[in-house]
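A.B. asks: Now for the letters of each chain:
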Amino acid sequence: MKLETSAFLDKAKEALMETDKVQIRDFIGLFAPLARNAALGNFDKFDQLRDHVKQVKQHTLDNLDCYLGQFEQEAIENGNRVHFARDGDAMNEIVLSICQEHRAQRVIKGKSMVTEETALNDHLIRAGLEVTETDLGEYIIQQAGETPSHIVGPALHKTMPEIRQLFLDKHDLGPRELEGAPDLVAEARTMLRDHFLNADVGIVGSNALIAENGYSMLVTNEGNGDLCANLPPVLIICTTLDRVVPRAVDATAMLRMLVPSATSQAITCYTSFYSGPRRSNDPDGPMETHIVLLDNKRSDILDSNYREMLQCIRCGACLNHCPVYIGVGGHAYGSVYPGPMGSVLTPLLTSLAESHALPNACTTCGRCAEVCPANIPLPDLLRDLRRDESLQKLSPASWRFGTKFHAWLATHPWLYRTLTGLGIPLLHRLGRKRGAFRSLPMASAWTSHRDFPTPQGRTFFQQYKTADKQLDDR
Amino acid sequence: MSNEQSAHSSPEQPKRPQVALFVTCLADLFRPSVALDSIALLEQAGCDVDVPRLQTCCGQPGYNSGDYEATIPLARQFIEVFESADYVVIPSGSCAGMIKHHYPKLLQGEWRQRALDLAARTYELTCFLTSVAEMRRGTATPVELGRVTYHDSCAGLRELAIKEQPRKLLKELCHTDLVELEQTEVCCGFGGAFCAKMPELSTKMSTDKVDSAIATGAQIIAGGDLGCLMNIAGRARRMGHDIEVRHIAELLLGDRDGPGIGEGTG
Amino acid sequence: MTDSIRSFIMGKIRRAGRGASVAQVSSELQSLGPAPTPSLISESTSESFIANVLINKGTVECVSDRSAAVKAVADYLYQRFRSHKLVAGNDSRLAAMPWREAGVLPRFGSAENGDAAGLSYARLGIAETGSIVTWTGKSCPATNNLLVEDHIVIVELADLVTTMELAWERIHQHIGKQDKPRGINFISGPSSTADIEGKLVMGAHGPRSWHVILIGEVSGSSLEKARQLAGQ
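Residue numbers (my numbering), protein chains in the order written: chain P, 1 to 474; chain H, 1 to 266; chain F, 1 to 232.
These are calculated hints, taken from the structure and not from any lab test. Treat the hints with caution; some may be incorrect.
Straight-line C-alpha distance at most 30 Å; calculated BS3-like pairs for lysine-lysine [what the hints assert, rightly or not]:
hint, chain 1, residue 1, chain 2, residue 2
1, H, Lys105, F, Lys12
2, P, Lys433, P, Lys465
3, P, Lys11, F, Lys199
4, P, Lys170, F, Lys225
5, H, Lys168, H, Lys15
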């Protein structure tokens with residue numbers, strides 16, 4: 001994962017100045033929640049199902065040794081080769097060596113956030129392989145040399161004219177109109193068809209690994225993942241060990257939460273379950289299949305207070321509902337996982353030292369937790385990360401001492417009263433005429449863009465004391 | 001301790017609910033009228049109101065900055081100061097959410113039990129006035145407000161499910177044309193320390209909020225949390241709008257003689 | 001090397017776990033009960049199935065028997081392609097259908113690049129989601145539903161189930177532990193994408209159209225009601 005999270009605040013500021021992108025994001029922020037609500041509006045048992053899925057997920061994580069072992073055994077019996085990768089580099093190396101073993105040249109990929117996390121493409125391309133992303137969004141950003149801005153819609157930040165120009169530049173197809181989304185989709189379809197037919201290796205991710213039968217669930221609308229999983233002679237499933245669920249019914253129950261939350265549909269066009277290589281009487285399918293299980297600190301997260309984060313099913317709803325994500329966009333986060341889920345996950349997958357700006361990029365509005373189909377208390381986890389930040393003294397000293405002083409003062413009510421009783425009336429006298437300050441020392445972050453309302457007069461307790469005296473005198 | 005018992009102990013003359021008001025630090029310092037009006041409203045609703053002297057702040061600033069250690073003494077102080085009351089009423093969704101949801105998470109052992117006990121008796125003002133001591137339109141002429149839009153504060157909305165309560169009170173007690181903001185459930189950009197940590201983004205969010213309020217044609221933006229209201233009012237002033245911004249307690253009582261939030265006297 | 005990494009990771013996971021026995025784990029899972037299922041869009045399973053197929057941007061035709069299904073396929077092909085070319089899997093049910101009556105001669109086997117229409121005989125239909133279920137094998141090569149322009153599916157009324165849970169029950173009845181199919185596919189519409197400015201476009205990589213032929217007694221009023229439920 002290329003990490004540039006330390007630059008988060010600067011990138012966020014820059015992102016706010018790109019007016020066309022701000023417009024796109026505002027559009028997503030307005031319509032994605034409406035669509036999600038419409039999709040879940042008819043579903044009367046959202047809360048019950050959410051509780052159920054969460055319980056199953058928690059149970060799975062509590063007993064992950066049992067279920068992961070079961071999955072591995074079933075998957076091997078199904079004819080897969082199962083690999084464990086401790087970190088991203090290890091996963092990339094495993095995938096490369098499989099490709100090299102088969103003297104593969106052309107690799108096609110379904111959408112996989114895990115391989116984005118490990119920057120697999122770069123690794124394979126450096127070794128001389130041709131890697132083609134086949135999810136349309138991923139294909140677009142690959143052509144543009146960018147990273148995903150959203151975990152479900154990787155190219156949602158790009159406008160239609162940008163994509164048109166990109167295709168005109170990258171596809172050597174002579175002069176053509178190329179107007180509108182259908183034209184663009186048709187052109188990408190033509191370009192990608194050859195890749196599908198001629199690939200040596202297909203790489204896909206997994207939405208769930210089913211312990212009871214060793215199947216891997218693949219959820220797409222385009223069907224590109226299925227083409228990758230069925231056409232090339234070798235299939236590699238790159239996934240993480242927290243994707244395990246006990247049973248097939250648990251995978252599809254999760255689907256009821258995942259799909260409406262992600263794309264506002266009841267189900268995606270293609271929901272497929274793959275068990276392994278071609279069977280003896282199969283007319284098609286890969287001859288060899290591999291499952292690479294990446295850890296990359298998931299086992300540490302499992303053993304920490306952040307275990308709930310492993311319940312995440314990567315639907316992207318928290319992104320669509322987060323005012324910070326909608327405001328600054330996915331690229332500002334400098335991690336492939338943006339938005340609330342990313343602000344929790346990125347520090348855990350890397351380190352808080354390099355990404356502690358992320359847990360602070362939160363108004364604690366709680367909308368992410370409200371819509372999270374896995375019921376992850378994201379604002380609480382973000383706050384806990386700020387606690388770790390504070391304990392590790394990563395936050396600015398002035399902040400830490402400021403909060404400590406405030407808390408100390410507030411536990412000394414009479415001193416608190418005396419000081420506020422002196423300051424507030426003074427502030428009132430200075431600002432009462434205008435009613436608000438245009439600038440205030442020590443509050444420039446506030447007054448740089450908004451007025452600071454003047455206190456009404458004396459503090460409540462100054463007034464109340466007087467009223468009380470009158471009452472006592474009566 | 002339980003109010004149900006005390007309320008039923010003398011059926012002929014039900015005991016008036018004993019309410020302790022948590023003023024909140026923002027109302028104490030910046031807008032005492034919110035607390036004074038809350039007291040008046042609670043008294044109208046038939047409650048005896050006490051304002052414990054040793055109260056200060058619920059501890060949200062430290063808590064949300066991740067300094068749990070510094071917040072714990074504040075939470076304990078709050079519990080000690082308030083736990084003798086039948087009810088704690090708070091004219092703020094985020095402070096009420098802090099007491100009801102976060103104290104029990106923050107504290108442990110015996111303190112956690114005390115926090116849970118107090119949480120069960122703690123109410124945000126409009127929740128209290130619609131569920132415990134119900135406000136009814138009295139004989140007094142209803143307050144004339146004109147077109148009002150209500151800003152849902154995030155903590156109130158999501159931690160306490162405050163949505164209909166303030167609207168119900170506005171409709172019940174005032175003559176008003178209540179209009180809804182577009183994307184009313186989106187944060188105004190205040191977020192406590194957030195507005196200082198990411199001022200540009202916070203400004204964008206506040207601007208969006210002010211723009212949608214102006215688009216409703218409302219004369220008044222009402223709300224239940226002073227943090228949000230000071231942010232919205234501050235941004236509206238800077239943008240040159242003179243829309244009136246007030247806490248719901250002021251509006252329900254028709255207390256509009258003084259300047260609105262961020263408005264001057266001169 | 002690989003083994004040691006496996007042991008290292010598994011060891012960490014084991015230490016983070018509770019060390020419960022397999023029996024304990026299994027009874028705990030049982031105690032969580034089944035997942036709540038959503039209520040169907042209509043009380044009738046077939047109406048719900050049809051309505052959801054339509055919502056999934058599919059088209060539906062109801063026919064009374066296999067003979068009528070053949071005619072429906074022929075008409076559909078002619079209307080779409082002015083041709084009767086079709087590729088179908090080596091499914092005994094498909095092979096036994098009276099294709100010659102309608103002048104259609106399917107090529108039994110796997111679809112190649114350039115084949116316009118593919119036909120599958122679904123194992124199941126799921127009313128909850130408007131999906132059809134197939135699994136890979138001679139009777140249903142994956143390319144027949146992935147490479148073609150038009151995917152036509154025949155499903156029998158008797159094979160409709162209400163929920164995905166019941167679908168799994170039926171799937172597990174069909175497949176034994178020794179002969180698990182390579183792929184089990186829930187197909188719920190034509191290949192589509194919204195990756196360009198959120199605009200829905202059909203035919204991203206695979207079928208641009210998805211046509212479901214339901215064999216069984218479905219009344220005209222049921223079909224009409226399903227259309228209404230789908231907002232058509």
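A.B. asks: Hint by hint, note whether the structure agrees.
C.D. replies: Status of the hints after comparison with the structure:
1. Lys105(H) with Lys12(F): Given pair Lys105(H), Lys12(F) holds - Cα atoms ~28 Å apart, limit 30 Å.
2. Lys433(P) with Lys465(P): OK: Lys433(P) and Lys465(P) at ~26 Å, within 30 Å.
3. Lys11(P) with Lys199(F): With a Cα-Cα distance of about 28 Å, the restraint between Lys11(P) and Lys199(F) holds, given a limit of 30 Å.
4. Lys170(P) with Lys225(F): violated (48 Å)
5. Lys168(H) with Lys15(H): holds (26 Å)
Checked against the numbered hints given earlier, the structure breaks only hint 4 and satisfies all the rest.
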